[in-house]
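Chain residues, written in single-letter form:
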Amino acid sequence: MELLEAISAKFNYWVYIVIMMIGLYAMISKNNLIKKLIGMSIFQTAIILFYVSIGVKEGATIPILYHEQVHPSHDSGHHEADTSHGAGEHGSDADLHAAGPLIEADDFANPLPHVLMLTAIVVGVSTLGVGLAITQKLYGEFGTIEEHEILDSIISGK
Amino acid sequence: MKALAFIAVILTGWLLMSAVSDFPDWGDPASPANSYRLSQHYITETFPETSVPNMVTAVLADYRGYDTMFETVVIFTAGIAIIGILRRYGPKDESVLKQQATIYKKDDDLIISTTCRLVIPIIQLFALYVVAHGHHSPGGGFQGGVIFGASFILLALSRDLQTAQKWVPENRILKLAGTGIFIYAGFGFLCLALGSNFLDYQILHKIMPATPIEARSHAMLGVEIGVAFTVTAVMFSIYSNLASNGRMKEGL
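First to last, the sequence lines map onto chains A and B.
Numbered according to the working numbering, the first sequence spans residues 49 to 206.
Numbered according to the working numbering, the second sequence spans residues 520 to 771.
Simulated from the structure, these hints should not be mistaken for laboratory data.
Computed from a predicted model, the values in this text were never measured in an experiment.
Misleading hints may appear alongside valid ones.
Unchecked claim - Chain B is nowhere near these chain A residues, computed Cβ spacing over 12 Å in every case:
hint, residue
1, I86
2, M88
3, S89
4, I198
To be verified - Chain A side only, calculated, beta carbon under 8 Å to chain B, not exhaustive:
hint, residue
5, L51
6, L72
7, K105
8, E106
9, L113
10, V163
11, T167
12, G172
13, G177
14, Q184
15, L186
Just so you know, even glycine gets a beta-carbon here, dropped at the ideal spot from N, CA and C.
Given the sequences, and given the hints that come with them, work out the whole structure.
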């Protein structure tokens, strides 16, 4: 029961660890090179999920400012109250900022993990492509993508 | 081997699971990552400093400009590596080609080709929107580039590789990928030439009709276009090399 509560409290992390373990197991133990690459992608997915969940904030929205915060002149009255203490802090900066409502850090999700994962996804696709290319080349060379068969034919060939 | 792998995986998992209780709760605004002043700064100061409402794009293309530039170089290198590994220019291996031709030879399906002819321009238009509007709405160079590359892959899938090659022949792919890096690094060197730091876009207001803050926004759009060029080219290059086994003749 205690374990169950411990799991449900941090459920998301348990899921990522299990996904990561599946990927790691596939990468180590599978003989088929394509299955190894699938394992690598599963592992990457676990890391991406982990990072994105780090940036989540309860009740916050995506890290893009609202239209009203960017163009305060478009809406008529209701941001007037915020203007006073928005202007005080950054008076020297832009007049853009001084006119807008105050941007609260707690209203927006943490953008940094999103940035890191954005590039990680595309780079992951590229590395997967290189892996597939090498696998295809090996298949052309040895006629198989089973790791131990490739090893056998290398050893017997020498 | 399997038992050894299982033990290693269980050990790794156990180590991580025993650390789970130290991780912050789901959606906790006071967690170390969320309360650190760097992320606070990104959220509150991005718009005053760069006039870009999308913080992700601003952090990607401006604050972490070096990182993104070399990520783009990584993608470019992956594209070059795939061409280096797979591409074969030698005389045709007739037996393989014939085998492939019998497998993949089929009549063009009217429904598929018509639908793709209608859908592909819309996909490409949407990709351009995602790139160009990336600093006001979700999007940017990586996402738009992937969508644009996917439109060419769809063309190659719905017709054949030859048709797609008419639009993006191999030499054009390499030129596009190189141009993307050149645009990105060019913005960096332009800043350098104007007397500021590498990728410090503020200085560009000297040659742009914009304030220093707006210049950062415009330069971000520029480097995102560079990223989109490289990603588009490399995505199609990966597909076309893998699908045709480096021959670039008969694809899937």
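Okay, the hints, checked on the actual structure:
no.	hint	result
1	I86	holds, 15 Å
2	M88	holds, 14 Å
3	S89	holds, 14 Å
4	I198	holds, 15 Å
5	L51	violated, 10 Å
6	L72	holds, 5 Å
7	K105	holds, 5 Å
8	E106	holds, 4 Å
9	L113	holds, 4 Å
10	V163	holds, 5 Å
11	T167	holds, 4 Å
12	G172	violated, 10 Å
13	G177	holds, 4 Å
14	Q184	holds, 6 Å
15	L186	violated, 10 Å
In the structure shown, a violation is registered for the earlier hints numbered 5, 12 and 15, in ascending order.
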